Amino acid sequence: MTELLNASVTILTDPTTMALAVIATLVGIILGALPGISSTMTLAVLLPFSFTMEPGNAMVFLLGAFYGSAWGGSISAILINIPGTPGSMLTQLDGYPLAKRGQAGVALTYALIASTFGGIVGWFGLVIFAPMLAKAGFAFQSPEFAVLMIFGLSMLAYASPGSTFLGIMSGIFGLMLGTVGLDMITNLSRFDFGITRLTAGINIVPFAVGIFGLTEIMRLLEQPIKIDKAATQIGAIWPPLREVVRTWATAVRSSLVGLIVGIIPAAGTAVAVSMSYAQEKKIYEKKETFGDGNPRGIVAAETGNNAAVGGALVPLLTLGIPGDTMTAVLVGALLIHGLQPGPALFSEHPDFIATIYVALGLTIILTFILSLGLTRVFAKILSAPPRILYLGILILCVTGSYAVQNSVFDVILMIVFGAVGYLFVKLGIPTAPMMFGLVLGPLLEENLRRTLIVYGDWTIFAQRPITAVLLIITFIVLALPFFGNVRERLAQAEREAGAD
Amino acid sequence: MAAGAVFLILALIGAYSIYFDPYLDIGKAGNDPGPTFIPWIGIFTLGFGGIAQMVVTFIQSRKVGGFTFSGEFVLSKMWLPAALVASLVGLQMAMKPIGFLNASLIFALPWVFILHWRAGGKFTQRYLIQLLVEAGLVAGGIYYLFAYGINVPFP
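As they're listed, the protein sequences go chains A and B.
Start counting the first sequence at 1; every next residue gets the next number (my numbering).
Start counting the second sequence at 1001; every next residue gets the next number (my numbering).
Everything labelled a hint here was simulated from the structure, so no lab data went into it.
The model shown is predicted, which means the values in this text are computed figures rather than measured ones.
Be aware that a few hints might be false.
Claimed, not checked - Simulated pairs of lysine to aspartate or glutamate, DMTMM-like, Cα-Cα distance not exceeding 25 angstroms:
hint, chain 1, residue 1, chain 2, residue 2
1, B, K1077, A, E222
2, B, K1028, A, E144
3, B, K1028, A, D192
4, B, K1122, A, E222
As the list claims (entries may be wrong) - Simulated coverage check for chain B against chain A, where a stretch passes if three residues somewhere in it have a Cβ under 8 angstroms from a Cβ of chain A:
hint, segment
5, 1003-1014
6, 1038-1046
Unchecked claim - If you want the ones that stay clear, here's a sample from chain B, every Cβ over 10 angstroms from chain A, calculated:
hint, residue
7, Q1053
8, V1055
9, F1058
10, Q1060
11, R1062
12, V1064
13, G1065
14, F1067
15, I1098
16, N1102
17, K1122
18, R1126
19, L1128
20, L1132
21, G1149
Note that beta-carbon positions come from the ideal geometry of N, C-alpha and C, so glycine has one too.
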């Protein structure tokens, strides 16, 4: 509590930190609102700016961009029917029909109030559950961490969109990339192909900028860039207060669903939003109005989306497992500042944890204030020519990669991973698991080998209750898609038999 | 099929690197499985997974009477992304000889025109000047932001 108070005073009274929070939130909202610019890409291109900041300011900056972009995605979803981020994909179902009726302002305000409410629930979830989970994490030793990394990798590969099998393979490739360079135990170099710079390993920033930034721009260039006309009729901003209050139950239910799903490693915002929306549609008596401008649909999607943001930070901070690609980039930011996410972060740097709490709370409030005041400006930005933005992102990809270690080699890495990401996307291979493999791979290797050195035996994993349970869950997760296939085939065979 | 082949090629490249490195075997001592343990697990999984993917795709394609073309790998779609990669490589190579800012400006000029054309823009006299200014502002702005904002020492 004292740390929280200290962090609040430090952040709120420092003009530099406050300015960083405002700039990051604004940039996050604008980039998140632009179609084709995902939250992950936003974070990846903004990450290099945080290198020279002290860790607290870096987190204020990155969380501002993270949360701002999560909300920004809803602006384009409502105004031009294209979700800026995966988390806002269901906001468009009810937001765009309202915008078409000339009530874009009302739809945006519903979304903003709901996202702020969801964000606050997510914040409370983070503040309450993170210390509890961190305490439980202190019981973890090398065997538990090794299995936890395997579990996290499997879940992340399983939950990625596209083929589960290819997702797992992509994760394995990422894991191999994580072993490039000097081995931390023997100091022997692997996969360096005689290139001295590779002995230092693959830096997470050029990698993330390549596969999330450059790859996306390459995809955009494949066909003419379409400029959808934004709903320029913003109309009135405020919906009737009574109507807003009527959606309270939806907001509470969806926030809780979003928070719980967000806490589950790898579930991510898209799953949280889908579950919140589906639940509300199931409960509401006039189901047919969902998807036709029902404000409850906007509220369900937005509260679920933003509550999941706070939830996703729980496994990241307490166990070091990123909830999705965005939090994986945040892991990179923490590592760059010499902070290893995990239970020890809570005992060794309680002030830093408090800074994260305050930064997230501040960014939620800033997003609300800035968006309410600048709704019409954001709508205008969507009509701006895309060339400036895309050119800016291209040059940021190069400059940001260089700035990590003032090295031209990192620019080459960024180009290589951009091209690899592009090839993977065209082949239908999910790229996100690669990132998870790169982040979790070194931790898995370190803990697995340390376990074998200390305990000398593989049976240790079956003897310890936590590792045994996690291994069983991992096995079930990995086996599920195959059982799904078998069941599908059996059902198909039954159908065919019936037809005969 | 191609996805499986890509994983198999990656596994073979990885196997070549690990197998022909004479120093890595020194690392195995006591209970430590050594620095090649995780890499070999990755190589075998990628290799056999790639082969499995190719076999399954081959069997499925025979059932439906041959391979279907995804339409993803066509020149009309890929020439501009390929040009982007080539120009980025050029930019990276030019950074040291002519300086980061000059290289960025030379890179930005054609790409602002290409992006303008890709977005359906017309090349009137007004745009010719405006695009030049935009390229200069974007490249110069980002350079100065990094160089003076966060003190990055550019070549």
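Right, here's what the structure says about each hint:
As the CA atoms of K1077(B) and E222(A) are separated by approximately 5 angstroms, the hinted pair is consistent with the 25 angstroms bound. For a cut-off of 25 angstroms, the pair hint linking K1028(B) to E144(A) stands: about 23 angstroms separates their Cα positions. At roughly 19 angstroms between alpha-carbon atoms, K1028(B) and D192(A) fall within 25 angstroms of each other, so this suggested pair holds. Restraint check for K1122(B) and E222(A): the C-alpha separation of about 19 angstroms stays at or below 25 angstroms, so the hint holds.
Check result for the segment 1003-1014 of chain B against chain A: holds, 5 residues qualifying (beta carbon to beta carbon below 8 angstroms, three or more required). For the segment 1038-1046 of chain B, the assignment as covered by chain A holds, since 6 residues bring a beta-carbon within under 8 angstroms of that chain's beta-carbons and 3 suffice. Residue-level check failed: Q1053(B) sits 7 angstroms from the nearest beta carbon of chain A, not beyond 10 angstroms. No Cβ of chain A comes within 10 angstroms of the Cβ of V1055(B); the nearest lies about 13 angstroms off, and the non-interface call holds.
No Cβ of chain A comes within 10 angstroms of the Cβ of F1058(B); the nearest lies about 15 angstroms off, and the non-interface call holds. Every beta carbon of chain A lies more than 10 angstroms from that of Q1060(B), the smallest distance being close to 12 angstroms; the non-interface claim holds. With a least CB separation of 17 angstroms from chain A, R1062(B) remains clear of the 10 angstroms interface cut-off, as annotated. Non-interface status of V1064(B) relative to chain A is upheld: no Cβ of that chain comes within 10 angstroms, the nearest being about 15 angstroms off.
At the 10 angstroms boundary, the C-beta of G1065(B) stays outside the reach of chain A, the nearest C-beta of that chain being 19 angstroms off. Against the 10 angstroms criterion, F1067(B) stays outside the reach of chain A, whose nearest CB is about 14 angstroms from its own CB. Annotated as non-interface, I1098(B) keeps its C-beta farther than 10 angstroms from every C-beta of chain A; the closest such distance is 13 angstroms. For N1102(B), the requirement that its beta carbon stay farther than 10 angstroms from each beta carbon of chain A is met, with the minimum near 13 angstroms.
Every Cβ of chain A is farther than 10 angstroms from the Cβ of K1122(B); the closest lies at roughly 12 angstroms, confirming the non-interface assignment. For R1126(B), the condition that its CB be more than 10 angstroms from all CB atoms of chain A holds, with the nearest at approximately 13 angstroms. Non-interface call for L1128(B) relative to chain A: holds, since the shortest CB-CB distance, roughly 14 angstroms, exceeds 10 angstroms. Listed as a non-interface residue, L1132(B) keeps its Cβ farther than 10 angstroms from every Cβ of chain A; the least gap is roughly 12 angstroms.
With a closest Cβ-Cβ approach of about 8 angstroms to chain A, G1149(B) is found to fall inside the 10 angstroms limit, against its non-interface label.
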